[in-house]
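Asks: The lines below spell out each chain.
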Amino acid sequence: MENSQPSLTIDDGVLPQAAALPPEEPSLPPGEWIKKNLFSTPFNAVLTVVFGAIALFFIDLFVDFVFSEERRWNGTATNLRLLMTQGYPESQYIRIWVSVGFLAALTGLCSGIWNAGDAVSMKRISTWFMSTGAFGIIAIALSPLDTGGKTTWFIASAVSLAIGLALWYGLGDQKRRSTFVRTPYLIYGAIAAIVASLWVVPYGNYTFSDGVLTNEPDSIVAFTTRWPWLVMAFILIGTYIAGRFAPASAARVFKPILIGLWVLSPLIIVWVILRDPELDWDHVISTDIPMALGFILIGGALLYALSKPGLGEIGKLAGFGLLLFAAFHWLAAFFGWYPMLQKARLSFLFLALFAMAAANFAGDRRTRLQLVFGWGIFMAVLHYFATMINTASTLEFRGDFFLGGYALTLFVSVMTLMLSFPLGVMLALARTSRLPIFRLLSTVYIEAIRGVPLITILFFFSVVLNLFLPNGMSVSETAAVVTGYTLFSAAYLAENVRGGLQSIRRGQFEAADALGLTGSQRTGFIVLPQALRVSIPPLVGQAIATYKETSLVAIVGLNDLTRIANAIIPAQSEFLGVQMENLILISFIYWVGAFSMSKYSQKLERRLGVGER
Amino acid sequence: MTMTLKRLLALLAALTLLVAACGDSSDDDSADGGGDDAGQDDGGSDDGDSDDGDSDDGGSDDGDSDDGDEVELTQGDGVLAAVQARGELNCGVSGAAVAFSTLDAEGNMVGFDADYCRAVAAAVLGDAEAVNFVELTAAERFTAVQTGDVDLLMRNTTWTQSRDTDVGMDFGPTTYYDGQQLMAREGDGFSNASGVADIDGAVVCTNAGTTTEQNISDAAAAAGISITLNTFEDFNIVTENFISGACDIITTDGSGLVGRKAEQQPDGEEWVIFPATPISKEPLGPTYGQNDSQWADVINWVVYATIIADEKGVTSGDVDDALANGDAEIVRLFGGEGELQSAMGLSADAFFQVISQVGNYDEIYARNLNPVGLTRDGSANAAWTAGGLIFAPPAR
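Those protein sequence lines, which keep their order, are chains A and B.
First residue of the first sequence: 1, per the numbering used here; consecutive thereafter.
First residue of the second sequence: 1001, per the numbering used here; consecutive thereafter.
Hints were generated in silico from the structure; no laboratory data involved.
Careful, some of the hints might be misleading.
Label pairs and their computed distance ranges (CB to CB) [said to hold, decoys possible]:
no., chain 1, residue 1, chain 2, residue 2, range
1, A, I59, B, N1108, 34 to 42 Å
2, B, G1268, A, F57, 23 to 31 Å
3, B, I1225, A, S91, 33 to 41 Å
4, B, A1366, A, L103, 14 to 22 Å
5, B, G1268, A, I59, 43 to 51 Å
6, A, D64, B, E1186, 24 to 32 Å
7, A, G294, B, A1208, 18 to 26 Å
8, B, A1386, A, D280, 55 to 63 Å
9, B, E1186, A, E447, 54 to 62 Å
10, A, V263, B, G1268, 53 to 61 Å
11, A, L213, B, A1348, 52 to 60 Å
12, A, A242, B, A1366, 35 to 43 Å
Computed from a prediction, not measured in an experiment: that's the story for all the values here.
All residues carry an ideal CB built from backbone N, CA and C; glycine is no exception.
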């Protein structure tokens, strides 16, 4: 898929995969196509008419509903900010945009450097334009809009239809099938068009600022909307171009950094950008940095020593001793015997885990240093985020958590996925373990969780968890819900991964044993990569389910997208009962997210050859 | 062996990491451990004493420390001291109760109940904005008080005998007298003078899982009529069904019906609300954990202060004038001579702050309930001098 000729124009030439396909029949003109596919026999013609009429009926219902005079879309439009971020302070709103910009830059750079995306033939593109235009004309004809509104939408649909027809007939049969456009151009082009439309199309200006309600249905959107989105579009497209034209040497350096940033981006966005911790520099210099350095250096030296080849049982004993030491600190924390920074406890625990893995890196100097560098980077990241998370925020917000609305929906789903994935993999490994105790524990856990409805778990964690925690310790509602959801999601992920694990043939294990790999090397390098590849479709299915089911947190009273749309806005005295409008909007928002994930997983499956090998 | 052990440990690590990473905002233990957080005055409770470290729950410690109540009062170990130490009032609200507590488009909590939370914060902390609004569902509201998650409930909670005794709550003075009523179309032959006896055979709709369902069934049985009762998940859907004609009559608390009528009544149709005497009594007011008289006094007198100020005609605009030239009761209440607030554990000007920052009862009512069409005149919520039930004992 590497395309060595970066260009922003339509890529001429036949892509390799397209060349590999069998030659197609010459495509029919639209009129012929309709005759052949929709009215080929009398029976098919009847079917087409009947089901077409049913479809039209439902389109009519929907369009009538959306464009009805009774719909009060201004309630939804005014509350867009509430839907997106709830009460995030307006004075700090730049932080939201920095976060969006950060994600836009990452997306642009990555899709540029990896040259992401497929190629779409002009034939399909012109079909899209034509069908959008035709559908638009039908839908507008059925809608209860007044003449002025209908004319505007008719013109828009007709333009789409005309573009489609022009592409179709302008290119000719051979050319429209052999001309390809890369999907990033299409996607970024569409985004640019939407953002540009904010500057010209009168979507209406509905704002609620400092208690003043602005309601101008015929003007363009507020500048606080159109300016930031323009900047975002520039960042996205600019970084994409930069990524495409980056020299290969730079790309090689950037790739691991970008992957690391992607993995850490939820933490960076939530706890560094959005939460704005107010660092106490005296404390950072006197305590935090020396502590991190101490762990990195002393731990590194220890790991280097422990990865010495031929250490045998001594290494294992040392690792186990460290583990006991770390566990003791956690016990001490639990019973409150003596104070210690949580960071130190965490660091000891991870040092023990690294030490137990050290035997796998027993080898030459280079391999041993890899372990030490890995430890250093891990510790630096851990200490950085632990410090950031434990530092008080400068944000002036009241309540449980500073995010709400769609931001909370995204936070809950991303955190749940990030935390439940490793947990799920470990549960799956434990369930296929040779040791009965692990098998038993894991099976009991998975079956117990899978037998309980998610909403029960959420209620349990949001209401009851704090009653079980030791004195003086409490967990915020958001954290409690994320914890419960993670435990739930991990059980399902574990089953998906187990399916993958069981598809690995015996020979793979034997081959790994024959190479003299240790147990963890076999798992890490041979079994898991293959198992995860096979598990991609169910894993993405689970990710989509997780994303959509975050709407259940509305029931335990978290102000996620669903609760704001369904309960909060309809209760505002200005917009009493405005509920259907919000539900239509959030269905669309959920759909865009879920559909993108589904598309991405299809691509991933194709690239990794799932189902072919 | 090591591998499997490692898996288990990594699992454990992931769990602990999760708790540690997510619980940051409230996990004092980890932040205090370094000894650098002098600001947290409840640090003493972190070092493992088992029982008395619970500075935050006035509601649940009654069971084992009845004899300690007097000591607690004087030492200020109740909710009041906890709130003052925290510098923030955790106030439980609904968040989705029309005109009582809702989020506006900017994400601020507004409404009648929300303003009473602010009034308490103004009295206790001197700052009406020092409120942390905790949105609670009906199911979790009492648990939230018992676990100390909230100091006070202003969540349109009806004062009932079972809640006052069995559930372990105490109730402050009623701030809003509500009652269940019915709403129908005038075109269907109903009027404001209709009664429950007139709805024989009608399709009555309400939202599921509330006492309204029980009340209307009881009222219909008492009137000897039969109705078809349909319930829906929430009242927005109930109203949609009423508008579409699927329901002849809808029923819920009168305050809710008035709001719906003001906002959603279609042109050319007239909705009427009846009977004039509601079919149920729903006194709504502040609710808190039981057996903390000091905290109860504070809440009660915040409410009374707003009522007294209304009675005397003192509004947020003229508090300074009232303090300088007002009558003796207002001067006492506002922290002038002979004030009693200090004895309650509040600053002398606590109620002055309430009125100046939030307003008197009438202002709070007008600000929040007038926009949805609820007026005080002639209702139970008029002042006692005007034939209503809003009354406060004298401040002396």
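Asks: Taking the hints in turn, state whether each one holds.
Replies: Results of checking the hints against the structure:
For I59/A paired with N1108/B, a C-beta distance near 40 Å keeps the hint of 34 to 42 Å intact. At about 28 Å, the beta-carbon gap between G1268/B and F57/A stays in the expected band of 23 to 31 Å. At about 58 Å, the CB distance of I1225/B to S91/A disagrees with the hint of 33 to 41 Å. Taking 14 to 22 Å as the suggested C-beta distance range, the pair A1366/B and L103/A does not conform, at roughly 46 Å.
For the pair G1268/B and I59/A, the beta carbons lie near 29 Å from each other, so the given range of 43 to 51 Å is not met. Between D64/A and E1186/B the beta carbons are some 28 Å apart, a value that agrees with the proposed interval 24 to 32 Å. The supplied range of 18 to 26 Å is broken by G294/A and A1208/B, whose beta-carbon atoms lie about 60 Å from each other. Look at A1386/B against D280/A: about 57 Å separates their beta carbons, and that is inside 55 to 63 Å.
Evaluation of the 54 to 62 Å hint for E1186/B and E447/A yields a pass: the beta carbon distance comes to about 59 Å. The given range of 53 to 61 Å is respected by V263/A and G1268/B, whose C-beta atoms sit roughly 60 Å from each other. The supplied range of 52 to 60 Å is broken by L213/A and A1348/B, whose beta-carbon atoms lie about 39 Å from each other. Distance hint check for A242/A and A1366/B: the Cβ-Cβ separation is about 58 Å, which falls outside the suggested range of 35 to 43 Å.
Consistency note: the structure conflicts with the earlier hints numbered 3, 4, 5, 7, 11, 12.
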